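Engineer: Below are the chains, spelled out letter by letter.
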Amino acid sequence: MTEPAGVLPRVTGLAGYLLAIADDELILGHRHSEWTGFAPDIESDVALSSIAQEEIGHARLFYEQAAALLGGSADTLAYGRSAGEFRNAILTERLNDDWGYSIVRLFLYDRADAVRLEALAGGTARSLADLAAALRREEKYHLLYGEQWLRRLAGASDEAHARIQGALDAAWPEAVGVFEPVEEERTVVESGIMTLDAAAQAERWRREVTAVLEELGLRVTEERGGPGGRSGTHSEDLTVLLGDMTEVWRAEPGATW
Amino acid sequence: MPALWQLLGKDESDAAHLFAVFRQDTKNDPHVHVGDVHATDPEMALVLAKEQFARRDPCVNLWVVPYTAVAATAYDEAEMFEPAIDKSYRFGGSYREQQRVMKGPRRPSPPEPRRGTQGRRGG
Chain A
361 MTEPAGVLPR VTGLAGYLLA IADDELILGH RHSEWTGFAP DIESDVALSS
411 IAQEEIGHAR LFYEQAAALL GGSADTLAYG RSAGEFRNAI LTERLNDDWG
461 YSIVRLFLYD RADAVRLEAL AGGTARSLAD LAAALRREEK YHLLYGEQWL
511 RRLAGASDEA HARIQGALDA AWPEAVGVFE PVEEERTVVE SGIMTLDAAA
561 QAERWRREVT AVLEELGLRV TEERGGPGGR SGTHSEDLTV LLGDMTEVWR
611 AEPGATW
Chain B
7 MPALWQLLGK DESDAAHLFA VFRQDTKNDP HVHVGDVHAT DPEMALVLAK
57 EQFARRDPCV NLWVVPYTAV AATAYDEAEM FEPAIDKSYR FGGSYREQQR
107 VMKGPRRPSP PEPRRGTQGR RGG
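Residue numbers (our numbering), protein chains in the order written: chain A, 361 to 617; chain B, 7 to 129.
Just so you know, the hints here were simulated from the structure itself, not pulled from any lab data.
Every value quoted in this text rests on a predicted model; they were computed, and no experiment measured them.
Please note that the accuracy of each hint is not assured.
[As the list claims (entries may be wrong)] For lysine-lysine, the following DSSO-like pairs were computed, each having C-alpha atoms within a straight-line distance of at most 27 Å:
| no. | chain 1 | residue 1 | chain 2 | residue 2 |
| --- | --- | --- | --- | --- |
| 1 | A | K500 | B | K33 |
| 2 | B | K56 | A | K500 |
| 3 | B | K33 | B | K56 |
| 4 | B | K16 | B | K56 |
[What the hints assert, rightly or not] Simulated restraints, written as ranges between beta carbons of each label pair:
| no. | chain 1 | residue 1 | chain 2 | residue 2 | range |
| --- | --- | --- | --- | --- | --- |
| 5 | A | D490 | B | P8 | 47 to 57 Å |
| 6 | A | D604 | B | M86 | 41 to 51 Å |
| 7 | B | E88 | A | E498 | 47 to 57 Å |
| 8 | B | R61 | A | E519 | 31 to 41 Å |
| 9 | A | R567 | B | N67 | 31 to 41 Å |
| 10 | B | V66 | A | A493 | 20 to 30 Å |
| 11 | B | E85 | A | A571 | 58 to 68 Å |
| 12 | A | A428 | B | R61 | 29 to 39 Å |
| 13 | A | D458 | B | G41 | 25 to 35 Å |
| 14 | B | V66 | A | G586 | 37 to 47 Å |
| 15 | B | E85 | A | D401 | 32 to 42 Å |
| 16 | A | E498 | B | N67 | 49 to 59 Å |
| 17 | B | M108 | A | R567 | 31 to 41 Å |
[Stated by the list, open to error] The following residues of chain B were derived to be distant from chain A, with all beta-carbon distances above 10 Å:
| no. | residue |
| --- | --- |
| 18 | K33 |
| 19 | A45 |
| 20 | L68 |
| 21 | Y95 |
| 22 | S100 |
Virtual Cβ for every residue (Gly too), placed ideally from N, Cα, C.
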């Protein structure tokens, strides 16, 4: 059954699923934005800042869809929830640490996001399928940027390669966690809104990213996934991030500008 | 004939990482030099150029050219571009067709509305 454009099907679990995507994009977009003014060169600074804006823009679009089911607005969903209510993957909230980690994370996350969007783009909820198809066009550049930076860092000096391997070791279990199913994901899959369930998406992602990593002489040392964050359990990093991000909103709730 | 990187006072290894970026707005436009990027290689230069120069402006194609590949005239020879005698005949400014071609917009503009009278655009 295909829904008419602009109308979301009332499927249990869908609002939580949309929130998880929106939260991923918002939190990682915020982390990317912390590089503004600090990236290794001005060109990469401008490009990553632009990517950050786009991720936050994507978050807004998914929050609007979620708000249509939950009530409220994109802003109240983004700024008005506590850390325990966030459904983002823990991977996205981690501190940037260094450029190598940020690039490895960007590469792993955007590859995961691409698989997720593809599953939505082929699904039966037309407004979500159209949204996913539109976002995939923009995400193409994010994939390119992440992979080209990764290739250069992994192929530079021995030290650079070792640091990228270290970043990969740190990021991998939490990157697998991006595919931790949200609550009642099963009903969303059965409704046809996404064409692949989380396990099948994870398998596909793993195949795609390991092909690139192996080509670059990088090893996946830990196969298992860590905690994902989809149930609302997060690290202290998220609490600190939300404190920063919502400071202005909390200072004058309801203010418009 | 100096290399451009010499004119700019750069050393050659620096210039090898400096790329001139050329943007084409539509398939009917020429590629225009819009600025430079620093990058390790041409492929990365294209990745970075996309966000620096095609983020807001229309674009169908980008070129990047390493500065080491560009030959240039010397600034102290710029007087060779100055005409020594009156050569205004080369401008052909009194030809209506030439005015249309030279002043035309870079992008195709919407068709002009039909006019009831002829000759209003003369002169």
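Engineer: Look at each hint and say if it fits the structure.
Structural biologist: Hints versus structure:
Between the alpha carbons of K500 of chain A and K33 of chain B the distance comes to roughly 22 Å, so the proposed pair stays at or under 27 Å and holds. With a C-alpha separation of about 12 Å, the suggested pairing of K56 of chain B with K500 of chain A holds against the 27 Å cut-off. Restraint check for K33 of chain B and K56 of chain B: the C-alpha separation of about 17 Å stays at or below 27 Å, so the hint holds. Only pairs whose Cα atoms come within 27 Å are accepted, and K16 of chain B paired with K56 of chain B is accepted, the gap being roughly 25 Å.
Hint check: D490 of chain A to P8 of chain B, Cβ distance near 55 Å, so the stated range 47 to 57 Å holds. Separated by about 59 Å at the C-beta atoms, D604 of chain A and M86 of chain B break the suggested range of 41 to 51 Å. As the Cβ distance of E88 of chain B to E498 of chain A is approximately 49 Å, the hint placing it in 47 to 57 Å holds. A beta carbon spacing of about 33 Å between R61 of chain B and E519 of chain A agrees with the range 31 to 41 Å that was offered as a hint.
A hinted range of 31 to 41 Å for the beta carbons of R567 of chain A and N67 of chain B is consistent with their spacing of about 33 Å. Take V66 of chain B and A493 of chain A: their Cβ atoms lie about 21 Å apart, and the range 20 to 30 Å holds. Between E85 of chain B and A571 of chain A the C-beta distance comes to about 59 Å, which sits within the given range of 58 to 68 Å. Between A428 of chain A and R61 of chain B the beta carbon distance is about 30 Å. The supplied range of 29 to 39 Å therefore holds.
Under the hint 25 to 35 Å, the C-beta atoms of D458 of chain A and G41 of chain B, about 29 Å apart, fit the expected range. The hinted range of 37 to 47 Å is satisfied by V66 of chain B and G586 of chain A, whose Cβ atoms lie roughly 44 Å apart. A C-beta distance of roughly 38 Å is found between E85 of chain B and D401 of chain A, which places it inside the suggested range of 32 to 42 Å. E498 of chain A and N67 of chain B have their C-beta atoms about 19 Å apart, which leaves the hinted 49 to 59 Å range violated.
In this structure the hint that M108 of chain B and R567 of chain A lie 31 to 41 Å apart at CB is violated, the actual value being about 57 Å. With a closest Cβ-Cβ approach of about 20 Å to chain A, K33 of chain B is found to remain outside the 10 Å limit, as its non-interface label requires. Consistency note on A45 of chain B: stated as away from chain A, yet its beta-carbon is not over 10 Å from all of that chain's, at 7 Å minimum. Interface exclusion of L68 of chain B from chain A stands, the closest Cβ pair being 13 Å apart, more than 10 Å.
The Cβ of Y95 of chain B sits about 46 Å from the closest Cβ of chain A, beyond the 10 Å cut-off, so the non-interface label holds. Residue placement check: S100 of chain B keeps its beta carbon more than 10 Å from all beta carbons of chain A (closest about 47 Å).
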